[in-house]
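Q: Listed in order, the protein sequences are those of chains A and B.
Counting from 1, position 40 in the first sequence corresponds to residue 40 in the working numbering; the numbering is continuous, with no gaps.
Counting from 1, position 23 in the second sequence corresponds to residue 23 in the working numbering; the numbering is continuous, with no gaps.
Since the hints were made in silico from the structure, they are not lab data.
From a predicted model like this one, the values you see are computed outputs, not experimental measurements.
Check before you lean on any hint, since a few could be wrong.
If the Cβ cut is set under 7 Å, some of the chain A residues that face chain B in the computed set are [said to hold, decoys possible]:
no.	residue
1	56
2	71
3	158
Only some residues are given here: those of chain B computed to face chain A with a beta carbon under 8 Å [stated by the list, open to error]:
no.	residue
4	52
5	58
6	176
7	179
8	185
9	192
10	194
Here are the computed distance ranges between Cβ atoms for each label pair [said to hold, decoys possible]:
no.	chain 1	residue 1	chain 2	residue 2	range
11	A	137	B	104	32 to 40 Å
12	A	120	B	74	30 to 38 Å
13	A	116	B	279	47 to 55 Å
14	B	199	A	18	37 to 45 Å
15	B	189	A	17	27 to 35 Å
16	A	137	B	194	55 to 63 Å
All residues carry an ideal CB built from backbone N, CA and C; glycine is no exception.
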Amino acid sequence: MSVLLQIDNAARQFGSFAALKGVSLAIEPGELVALLGPSGSGKTTLLRLIAGLDFLDGGRIAFDGVDGNALSLRDRRIGMVFQSYALFRHLTVRDNVAFGLRARPRQERPPSAEIDRRVRDLLALVQLDGLEGRFPSELSGGQRQRVALARALAIEPRVLLLDEPFGALDAKVRKDLRAWLRDLHSRTGHTTVFVTHDQDEALELADRVAILHQGRLEQVGTPDAIYDHPATPFVCSFLGETNRLPVEVQGGQAWLDDQPVYAASTTNVIGPADLYVRPQHLKLDRPDVSPLAGVVEFVRRHGAIRRAEVAIRGLSKRLDVDIGGEIAPSHGERVGLRIQKAHLFAAA
Amino acid sequence: MSIASPANHGSAWRERSIVPGFGISFGIIVTALSLIVLIPLAALVLKAASAGPADIWALASSPRVLGALRLSFGAALLAAFVNLVFGVLIAWVLVRYEFPGKRFIDAAVDLPFALPTAVAGIALAAIYAPNGWIGSLLAPLGIKIGYTPAGVLMALIFIGLPFVVRTVQPVLAEMEAELEEAAALLGASRWRTVWSVIVPPVLPAAMTGFVLAFARAVGEYGSVIFIAGNVPMVSEIAPLLIVIRLEQFDYAGAAVIGVLMLVLSFIIILALNLFQGALRRRLGHV
Numbered sequence: 001m002s003v004l005l006q007i008d009n010a011a012r013q014f015g016s017f018a019a020l021k022g023v024s025l026a027i028e029p030g031e032l033v034a035l036l037g038p039s040g041s042g043k044t045t046l047l048r049l050i051a052g053l054d055f056l057d058g059g060r061i062a063f064d065g066v067d068g069n070a071l072s073l074r075d076r077r078i079g080m081v082f083q084s085y086a087l088f089r090h091l092t093v094r095d096n097v098a099f100g101l102r103a104r105p106r107q108e109r110p111p112s113a114e115i116d117r118r119v120r121d122l123l124a125l126v127q128l129d130g131l132e133g134r135f136p137s138e139l140s141g142g143q144r145q146r147v148a149l150a151r152a153l154a155i156e157p158r159v160l161l162l163d164e165p166f167g168a169l170d171a172k173v174r175k176d177l178r179a180w181l182r183d184l185h186s187r188t189g190h191t192t193v194f195v196t197h198d199q200d201e202a203l204e205l206a207d208r209v210a211i212l213h214q215g216r217l218e219q220v221g222t223p224d225a226i227y228d229h230p231a232t233p234f235v236c237s238f239l240g241e242t243n244r245l246p247v248e249v250q251g252g253q254a255w256l257d258d259q260p261v262y263a264a265s266t267t268n269v270i271g272p273a274d275l276y277v278r279p280q281h282l283k284l285d286r287p288d289v290s291p292l293a294g295v296v297e298f299v300r301r302h303g304a305i306r307r308a309e310v311a312i313r314g315l316s317k318r319l320d321v322d323i324g325g326e327i328a329p330s331h332g333e334r335v336g337l338r339i340q341k342a343h344l345f346a347a348a
Numbered sequence: 001m002s003i004a005s006p007a008n009h010g011s012a013w014r015e016r017s018i019v020p021g022f023g024i025s026f027g028i029i030v031t032a033l034s035l036i037v038l039i040p041l042a043a044l045v046l047k048a049a050s051a052g053p054a055d056i057w058a059l060a061s062s063p064r065v066l067g068a069l070r071l072s073f074g075a076a077l078l079a080a081f082v083n084l085v086f087g088v089l090i091a092w093v094l095v096r097y098e099f100p101g102k103r104f105i106d107a108a109v110d111l112p113f114a115l116p117t118a119v120a121g122i123a124l125a126a127i128y129a130p131n132g133w134i135g136s137l138l139a140p141l142g143i144k145i146g147y148t149p150a151g152v153l154m155a156l157i158f159i160g161l162p163f164v165v166r167t168v169q170p171v172l173a174e175m176e177a178e179l180e181e182a183a184a185l186l187g188a189s190r191w192r193t194v195w196s197v198i199v200p201p202v203l204p205a206a207m208t209g210f211v212l213a214f215a216r217a218v219g220e221y222g223s224v225i226f227i228a229g230n231v232p233m234v235s236e237i238a239p240l241l242i243v244i245r246l247e248q249f250d251y252a253g254a255a256v257i258g259v260l261m262l263v264l265s266f267i268i269i270l271a272l273n274l275f276q277g278a279l280r281r282r283l284g285h286v
């Protein structure tokens, strides 16, 4: 198992604010890794440290075993797509993409016919053929982003870094670009790290997702692993909607108000705990046989599914319950709830 | 009420627009421009024409007038060029770096605008005259600034300084630092980054500042006469020559020199503006 990018204990302090508090992560060649976290979690700081645009206060970042501090920005060979794209507004699409090749020292610079050919190939790759002569101001947001991507790929980067690649685009374009980027990655195989605050984006796109929270790495793993086995309450609630139930764990059972609501046989949590249940893991049941029963207060449409909000006695927040094909309960109806799957964490 | 047919709207030389008020705003600007600029200038030309062709030619080709025009325009261009370089540098430092006293320096840039020009001239003369603070240090080295063309240049640089700084500053402030980071990551050297990423977007604004500084310097009078020494053919500027004519009640002669300056300024500024327009087009949408 080779490692292309090794981050050891990376720390960064801005004044009294610790943006990164010792983050370690190893990235293998060809991987597509998402840095996921809410704003202020340190994900963009980490990306800028990898790029060499900022300086570590502690720890080490190595490329192919070589300490990043020993490498100039040029030698790091980082292809970066900024959130704002940072295109050169006074240059055409062609000149933007060719910038990195023309900036090489004379003896390494390809002949201009070769540069032209590579630019044409890259523009074909990002599906912008025919727009060579346009200026960035004459392009749509999605097109600009693809120019920025082609410009970054032109230098044959060791690592491709994308800062919130879909942040500034509207919902439809985001979805299209996501699929397109996934496809591009499988064709070109560039090692890619991208920053996002959108869980769906990270889960759909990445081979592995690294979740950051308050400058720390909470969990790293494949989308399935982190979604199905969240390591911390933060990961669990950040990756999707959850209901939180304050329970007491005794004898392999989670108890809510003296009612056994969930069999917690595989956990080693004992005593007061939080039970996190996703709306799709709550099933409607008959109220008389169910340990968890309440009154339906709202039923709303939520995209493809409907969602009921059920008020349970003793709980201040209503529980969100997804309703699939079954007949929706009516407002005010008394229902029972069965927990199919949940995550248990010791109470903080 | 019926809707009038499109043909009834507007005349051939203006497009229909949903933005109203073309008629009244055009009327106002033509009136204002006439009262403030066109009528006085027309009067100037008329006055100059009253001198008669022989007199006009004699004046226009006299070595003293030619010398003064050469000094005025030459020094103004040179001063504007110096201000272009230093103005961009000052704007760069003010936008990019944080340092103690930054606000103070930022405010000080505008002082040449606020100061009565005579005060500036007297202050410069006091410092750069052969017996002044700096002048007395330079005198033993054989360098003379006060009472020479170098003094004229000094005064023109002083009064033109704010123009380039103030035109370039907002453009630099708007430019994202990420552009430089992107260039560096793409492997560009520092020099190449400055030259091909930072300079081109700034150039049109810098040119605007250059033209303003030049225009101001050509017409400058108050600050120059105190430090220039005003030796005919050496350090006498054209505006001073006009004042001398006026003091001799030779209004036609003064007007002729005025018109000469007007025509030369107009040609140079027009050429610079055309050049700047071409630059903007070539650099595309900056």
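Q: Checking against the hints above, which ones are violated?
A: 1, 2, 3, 4, 5, 10, 12, 13, 16
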